[in-house]
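Protein chains in written order, with our numbering: chain D, 1 to 292; chain F, 1001 to 1284.
What the hints contain is simulated information worked out from the structure, not anything from laboratory work.
Any given hint could be a false lead.
Calculated pairs, DSBU-like style, for lysine-lysine (alpha carbon to alpha carbon, straight line, at most 30 Å) [unchecked claim]:
| id | chain 1 | residue 1 | chain 2 | residue 2 |
| --- | --- | --- | --- | --- |
| 1 | F | Lys1112 | F | Lys1048 |
| 2 | D | Lys14 | F | Lys1048 |
| 3 | F | Lys1112 | D | Lys142 |
| 4 | F | Lys1284 | D | Lys12 |
| 5 | F | Lys1284 | D | Lys14 |
| 6 | F | Lys1107 | F | Lys1284 |
| 7 | D | Lys14 | F | Lys1143 |
| 8 | F | Lys1112 | D | Lys257 |
| 9 | F | Lys1284 | D | Lys104 |
| 10 | D | Lys12 | F | Lys1048 |
| 11 | F | Lys1284 | F | Lys1112 |
| 12 | F | Lys1076 | D | Lys257 |
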Amino acid sequence: MKRVRDWREDPKVKFGFLAPAIIYLLALLIFPAAFNIYSSLHRWYMGGGEPVFIGAANYLRLFSDSRFINGLSFTLRFVVTAVLLEIVLGLLLALSLNILNRGKRLIMTFLLLPLIMAPIAVGYMWRIIYHADYGLVPAVSKLFGIPRLYVLSDPRLSFWGMVVIDVWQWTPFVLLVLYAALVSLPRDPLEAALVDGASPIQRFRYVTLPLLTPIILIVLFLRLVEAFKVFDIIYITTGGGALTESLSLYIYLVGLKQFDIGYGGAAAWIFFLIVLMIVTVMMIRLRRYMGL
Amino acid sequence: MAVRRRGLDLYRLGAYVLITLFMIFAVIPVYWMLITAFKTPADTREFKFLPFIDFQPVLDTWIDILFGSLSEQTLKAIRNGLIIASGAATLSVALGSLAGYALARFKYRRWKNRDIASFILAQRMMPPAVVLLPIFMFFSILKLIDTHIALIMIEAAVNMPFAVWILMDFFREVPREVEEAAYLDGLTIAQTFYRISLRIALPGIVVAWILTFIFSWNEFLFVLALAYSETITLPWLISTGFSMRALEYWTISVFGTLAIIPPTILAFLIQRYIIRGMALGAVK
């Protein structure tokens, strides 16, 4: 006699379904990530013979390497600035879209485009726009009588140039998620507030915002971890020049262009620990909103 | 719509202005790239906005890229992109559907379900640059540099957590009673899974497959590291367009436009699921 409980509790079945994915991830992501510890403790050049154990020397070198410090600082500033702008702008736009009478569907369909575009193509697109001679930005700035803006070569502008690209690509994502959340909010609290004569600002502050907070935090989390990965748009616009080298680009250049596996491994390991810390803290606090 | 008073016109006006400004900002770069793809090299250096009025659109670059001197390179990149993205999508959905089903259905006691799910999702959040150098070395040792299999394997790995998460979300909606009935009717566990549960969760499978296809199609860092000539993709061509010959904006604009086409078509098919998928089921 077969009983349903049996197979759902059968350890072999439970293990069999889950194991392939876990083993695959362990082999292709966890093990390589951890392998950085080994490489980071060695002087090791690709194609340059056996690794030589040098202890923590690579780490000491990293913290006196102004290029690495700049990469770290650029990445952190980039993540914070871009993501905050995307959340604030996305929220304002979602609220605006919500009170629009028509054209919603068209706008929402168009705004899917940035989400599915290759970041490298997005970066390329902006490269033409920022181009010193033929670009739109220098031309428009000249039109307004201010000196031509050389976004990609001027270190004072390059940071914002990168932020604008990320904001261009990902604000629509924040907007669409928040809008989807907005239209599915329960009606009653809002109508009660309306009956009580709350002003639109009060309704937003005391009703809509608290209801939206969990979803805002999730979007913030998703954007944060993606923004940390920034590579493509920088690679194709400045190539890391004008003080825009992100940690991902730094690791790529040190490891695969200078062939310094040990040193690149140390940078990668530090990068891993920073992201791991943020992900762990945020995941534990947010996962109950994510259906776990 | 909820009860709405008149006299909120200031807010409404503000909303219109904000949306309009943002839409202009959102449209211009794409529009600029699209028209650049149809300009002559001389016209790309001028501020000509309107086809047929400001400039005469031409297909020269398209012909050059699809049929002329660059066609071999382009077609190879498109073919590679399709092979790698569909391979990676299939692999991550295959493994992801098993794990997604397991997390939606079974109860793990030693490590709780939510811890396992968090652990899997966290893999997606790790920056690819962290594993870049070790992966490069492992694939060098295995003599897999510049092969499809290497790119399929790594892109499947970075996207699989995503597939697991989406599929877990969809499998939760499969009614247990249907599975139980099928099982009691004499199907084995494997049959119940792939004849009943998988069929019911088919929209989820399609969504996960398409989204991982799009991510892999767009992926650049691993292609840059692991492809030299045989497995190059369109993102790779876009990036090297700057060094191949001089700065040929018209050429790269065509590559850029080509790169958008497959994701756009696929995304169109699952339009109403894209946001649900990309937000990992946080909104329905």
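Going through the hints against the structure:
For the suggested pair Lys1112 of chain F and Lys1048 of chain F, the alpha carbons sit about 60 Å apart, so the restraint of at most 30 Å is broken. A C-alpha spacing of about 62 Å is found between Lys14 of chain D and Lys1048 of chain F, which places the hinted pair above 30 Å, so the restraint is violated. Of the pairs offered as hints, the one joining Lys1112 of chain F and Lys142 of chain D is violated, with about 61 Å between alpha carbons and a cut-off of 30 Å exceeded. The hinted pair formed by Lys1284 of chain F and Lys12 of chain D fails the criterion: a straight-line CA distance of about 33 Å is larger than 30 Å.
In summary, the hint linking Lys1284 of chain F to Lys14 of chain D is supported, as the alpha carbons are separated by about 28 Å, within the 30 Å threshold. The straight-line distance between the Cα atoms of Lys1107 of chain F and Lys1284 of chain F is roughly 24 Å, inside the 30 Å bound, and the hint therefore holds. Restraint check: the Cα-Cα separation between Lys14 of chain D and Lys1143 of chain F comes to about 35 Å, which exceeds 30 Å; the hinted pair is violated. Between Lys1112 of chain F and Lys257 of chain D, the direct Cα distance comes to roughly 43 Å. Violation of the 30 Å bound is thereby established for this hinted pair.
At roughly 18 Å between alpha-carbon atoms, Lys1284 of chain F and Lys104 of chain D fall within 30 Å of each other, so this suggested pair holds. Taking the CA atoms of Lys12 of chain D and Lys1048 of chain F, the gap is about 66 Å. The hint is violated against a cut of 30 Å. For the suggested pair Lys1284 of chain F and Lys1112 of chain F, the alpha carbons sit about 25 Å apart, so the restraint of at most 30 Å is met. Our distance criterion of 30 Å between C-alpha atoms is met by Lys1076 of chain F and Lys257 of chain D, whose separation comes to about 25 Å.
Comparing the model with each earlier hint shows violations of hints 1, 2, 3, 4, 7, 8, 10; every other hint is respected.
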